[in-house]
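Chemist: One-letter residues, chain by chain:
4 protein chains.
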Amino acid sequence: MSAIRRARSAAARGPRVAGRPRRPPIAAGARDLLAVGIIGYGYWGPNLARNFNEAPTSTVVAVSDPRPERLAQAQGRYPAIEVYTDYQALLADRRVEAVVIATPLHTHFSLALAALKAGKHVLVEKPLAGSSEQAVRLIETAADLDLVLMVDHTFLYSGAVRKIRALVDSGHLGRLYYYDSVRVNLGMFQHDVSVLWDLAVHDLSIMDHILQEEPRAVAATGVAHFPGQPVNTAYLTCFFDNRLIAHLHVNWLAPVKIRRTLIGGDRQMIVYDDLEPSEKVKVYDKGVTVSTSPGEGLEGAHDLLVSYRAGDVLAPQLGVAEALATVAQHFAECVREGRRPLTDGAAGLRVIRVLEAAERSLNDSGMAVPLG
Amino acid sequence: MSAIRRARSAAARGPRVAGRPRRPPIAAGARDLLAVGIIGYGYWGPNLARNFNEAPTSTVVAVSDPRPERLAQAQGRYPAIEVYTDYQALLADRRVEAVVIATPLHTHFSLALAALKAGKHVLVEKPLAGSSEQAVRLIETAADLDLVLMVDHTFLYSGAVRKIRALVDSGHLGRLYYYDSVRVNLGMFQHDVSVLWDLAVHDLSIMDHILQEEPRAVAATGVAHFPGQPVNTAYLTCFFDNRLIAHLHVNWLAPVKIRRTLIGGDRQMIVYDDLEPSEKVKVYDKGVTVSTSPGEGLEGAHDLLVSYRAGDVLAPQLGVAEALATVAQHFAECVREGRRPLTDGAAGLRVIRVLEAAERSLNDSGMAVPLG
Amino acid sequence: MSAIRRARSAAARGPRVAGRPRRPPIAAGARDLLAVGIIGYGYWGPNLARNFNEAPTSTVVAVSDPRPERLAQAQGRYPAIEVYTDYQALLADRRVEAVVIATPLHTHFSLALAALKAGKHVLVEKPLAGSSEQAVRLIETAADLDLVLMVDHTFLYSGAVRKIRALVDSGHLGRLYYYDSVRVNLGMFQHDVSVLWDLAVHDLSIMDHILQEEPRAVAATGVAHFPGQPVNTAYLTCFFDNRLIAHLHVNWLAPVKIRRTLIGGDRQMIVYDDLEPSEKVKVYDKGVTVSTSPGEGLEGAHDLLVSYRAGDVLAPQLGVAEALATVAQHFAECVREGRRPLTDGAAGLRVIRVLEAAERSLNDSGMAVPLG
Amino acid sequence: MSAIRRARSAAARGPRVAGRPRRPPIAAGARDLLAVGIIGYGYWGPNLARNFNEAPTSTVVAVSDPRPERLAQAQGRYPAIEVYTDYQALLADRRVEAVVIATPLHTHFSLALAALKAGKHVLVEKPLAGSSEQAVRLIETAADLDLVLMVDHTFLYSGAVRKIRALVDSGHLGRLYYYDSVRVNLGMFQHDVSVLWDLAVHDLSIMDHILQEEPRAVAATGVAHFPGQPVNTAYLTCFFDNRLIAHLHVNWLAPVKIRRTLIGGDRQMIVYDDLEPSEKVKVYDKGVTVSTSPGEGLEGAHDLLVSYRAGDVLAPQLGVAEALATVAQHFAECVREGRRPLTDGAAGLRVIRVLEAAERSLNDSGMAVPLG
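Residue numbers (this note's numbering), protein chains in the order written: chain B, 399 to 770; chain C, 399 to 770; chain H, 399 to 770; chain X, 399 to 770.
No wet-lab data here; the hints were simulated from the structure. Idealized CB from N, CA, C, for every residue including glycine. Heads up, some of the hints might be wrong.
[Stated by the list, open to error] The following residues of chain X were derived to be distant from chain C, with all beta-carbon distances above 12 Å: (1) Asp430; (2) Asn583; (3) Arg758.
[Claimed, not checked] Residues from chain X shown here face chain C by an in silico Cβ test under 8 Å; the list is partial: (4) Gly709; (5) Pro714; (6) Gln715.
Let the hints inform the model, and build the full structure from the sequences given.
Modeler: Encoded structure:
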């Protein structure tokens, strides 16, 4: 695989001061940047392009999109890149080492497969693919070809989720009781996927990362308010071992934007509000202690003894790096160092398996569907 | 039924100025107050006593509780009342016209039945009874004896819920899409009932009042984190006709207190946050318009056309009367005027029917349970 | 000084079970409770009466108020007390050991002086008196007669202010930069005093307690929006040594209620929001480090080097006792143990001196008025 | 003045599809865009450049900054522009019709004057100049040369401030009582200007726009916590006719960011919180009615009759255009149409006159300084 010497932009060469000719970049100091091609320059593609271009580990060398006006915008912002209306031309571009796929879900599988087969490392927008079968095939292909396959579960790279994971790992929360998230707002109605395959993917990927455990079964309810359109309001319960329960509420029709997760443990509890400007994660040193006494009270042979604990609330300082910047850098490092990404194909598959079970449950009157 | 002349307290007679003997109250101006007996003077009983005593339509004449220290507290606050360790003595007290039952749930039915049979009008704390069978029997008994039977669904008498009901009735919200409520906090763990029969009763009674429609089916999930103890975290979905969906989240183990309901309609939407000190109800003039065009876009034969509307947000002024004061007055008026209460036995029954279905679903892997 | 055996209410004697005569209280177990008389039973008097009656260290034995309907209300709530239309009768009541004065400000001095001269210990509502001259006279009289004189600076007894004081004392905040408070709301318009002598007293007493230092000078601006009425909107700056500054904003005409204080130190900073239900005090481990370099930058001979620090935010657990309950208990303990109250006459005087300086400044175009 | 045909970027020409040569832009459809040169590409310059480049009425053709690395960044983002280390070269560039000055305050006057003398229209970052004398000279020069002089009082072009102005103009607030703003946060410490000349400029420009009246006098207090550095915490009172008062609190050392303005009128009141994501402006239909009765109450010969009104709270929908985009477009339109900008030199001067008075007051113990 050939590498690209960094020649990102005029910025790196110093300003083109009026009247003086440009000089070529000095190659000696250039780093071995990962040369990235972006497929899909719609809603999320520009964010990916910006982050991959600004990361110290990569540069964007090509963009493909069937819509000329989108390519024009990409070209305008990054004059040095090549643009292609046909993604196959991008895959044929020998300079492109790695491909970032930011297209509608129904195209993820075929594009990712083609990219892998073209010898490119692949980062796919979430969700990884449209079915667990497709996800498995991508995972196997990447393994066979010794290529990196990563899914953009962006939130796992945020300071907030990293801090929560660290608090769980260090035992601050104790045994976990529940994980409860609400992700609702007005809009961004999708027409090719339901709200589960859109919003819930975020929460399922965070939940998978925090709980580090797959649910035993999944129950879901929901409704498609508009005939012929996908489900836009859904509720999803995940059952785990040891009485741990998780619940997700996702809704495209809410009058206000809410992004809030409660995580209860027997030692401490967390409120994670992603809309808080500065105190996104709050750790509550409070809880309940329940014991059973053999005493014969008025209320029955065994009295429940409940005592509440309350203590300080801590909002720990969080890393402020843009999550997508960390995604870009992590992907490049995994490629360069041959490491397995935090959000590898398997992580993408685990989320899809829950989504599939949720859909079956939703279509079967909420009956819990076992996993695996 | 004999009436009591008001002789509530020294306050009504003017101060006992030092050195002057008290004079008897002037009977001429006294109103025909409902004489109330309170059974159960634990957590909620004192609030009921206070409100029935301060209401212009009633006075408390007796309290019963098996615990002497509770009776001492009642007597200390209301020197003029009779106190009884045995509720049957209170029911035998001929001055008592109406009985307010504020005891643990498992006693509601027998106490209410006894009270009705003793010829007393009855107000029961929520929930009305422990089963729909019991509720039906109470309703029938009250009807046979021509007595008022009312359940204390307190929130229906608050300014916030009354305003929401008025907004729905006047068509401001249009066709309803969903009703979503969260009622979580740390504590008040009950040991004789689950969180459904405790917290969810509030939301089910509000939902019943706002939607004015019974669900077709109910699905529920949840968990009892402590062995041998009732379910303390639960999620409940109600399915209605016309794609209307409702969902309740109740939890005794949350680190923060949340009391928030979202109500979505196709014209306007409401956020009802009961913890807001002054703007509990906000009406959002926003929503989504979805239409289907026959155009052949890139994405398929039928494109989804979504347009978002956004407008003003209004926090209407709410009545500030204490809800329980209105409960007390409404009950007295129904007795005096022979009216059916807003929260009559049938309202209590409707809530219980949903609770029973939810429990069956919760024990049957979340499978939706049809209602009657 | 005679002591009163506790015979507070029927509650202490057990319930008056129907049909059985009351028995007299058993004197043996009674504690030596401070016998308190309340002068003024208007807005705040009932709160004081309740707290002094429920405190384990005192009991209310008498109330005086010129308005019969207020006395009737007191008598209704506390049947055992004596009520007087004339405060002099209360002062003549030999059972009364200590007097609590909760009347309009213009009566504080004469009532407190009379009470001291009658040999009673005195707690006066804030502010202590209408002038520093009056305050000095009260302090001297109490000292001469060896009586306790205390002013009800209630907030100093709250969990929030106690915690803030502890954080300052322990050096967590480092050197203090500023104290900034906002106390605004709609209403409680007074007509005998300005908003300074009403709302600002709270903040000045807290400030005095936290900073433990008297201002060098005071500047104030403000306005009386209604002719002939007192100033209802005011801004007050206090200048201290070492570049410490304090500022208060008080306003009776604000559409929203705000109770927020910022305290900046060179190590940590505090936000104290008294309206927060559970996290009233937040400690920010953040700040700014400013150094001066001798380097010759483009911007001048001396560059300012500013670096920002940011760390965790901590909301410490606070004591939840009602502040007024602590006031009642502290007063009784000071009387019984001959201790000097935290909010003694001198504390009351310090606040009044700032108020007087503020008024002079306000009437002199905001010109800072030196203290002392 | 020569005009520039739009040739903004490759984007306007369509994408440079691989393998096909670029074609020149079609000149016929190009609009007559204002050709803008930016002087100063530090903190705010890039925002101005972006907005002037994306506005439908202008294009950026040149940038000057003494720092090569800043020019490199500008060039990288806008490959088509000319960059100059010397602003005089930019002023000599005949294509530049208008100049935007985004440099430190102490350079505003000389740069703006030079630009005007070079025949360029001028937009200056706030504040307009370092003294009222300088501002007057700029105003006169622009008038003499018939050039547009505008100051970037950005907030006046925001949806929130426009709505507030409209509410005041339509009489919704009635007679105004007060204007109270708080603008505090940690950081952005300036070393060439005080917090007054930095943060307070925003509030003074908004206040000037809303109240449409110049203060009679200004009083200010404040402190420079760091020796040799400018004032970083300041309080400023503006006195107007008819008992209208305004107050500003600005602080660079606050642990939290606050951007809140209260505006009280005798009909309605406004809370404007610029940090609220969606309900920045709330209109409170509440207030106080004060009348004086001649009755002889206990409290004095004239009783104050106060009644409170409370009604709905409305958060009106606001325009969502970025304020700076509107600034850019307004400036270009004023140039093209020969109109006077909303924030013309006179608006800039009015703000500076208050700042100068505030500084004098601050250095004179808070003594109010008359204006004009």
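Chemist: The structure should be examined with respect to each hint, and the outcome stated for every one.
Modeler: So, going through the hints one by one against the coordinates:
The claim that X/Asp430 is not at the interface with chain C holds, since no C-beta of that chain comes within 12 Å of its own (minimum 34 Å). Residue placement check: X/Asn583 keeps its beta carbon more than 12 Å from all beta carbons of chain C (closest about 26 Å). Distance to chain C confirms X/Arg758 as a non-interface residue, since its nearest Cβ pair spans about 41 Å, more than 12 Å. The beta carbon of X/Gly709 is positioned within 8 Å of a beta carbon in chain C (closest approach about 5 Å), and the interface hint is therefore held.
Residue-level restraint check for X/Pro714 holds (minimum Cβ-Cβ distance to chain C is 5 Å; threshold 8 Å). Nearest Cβ of chain C to the Cβ of X/Gln715: about 5 Å, under the 8 Å cut. The hint holds.
The structure is consistent with each of the numbered hints, conforming to all of them.
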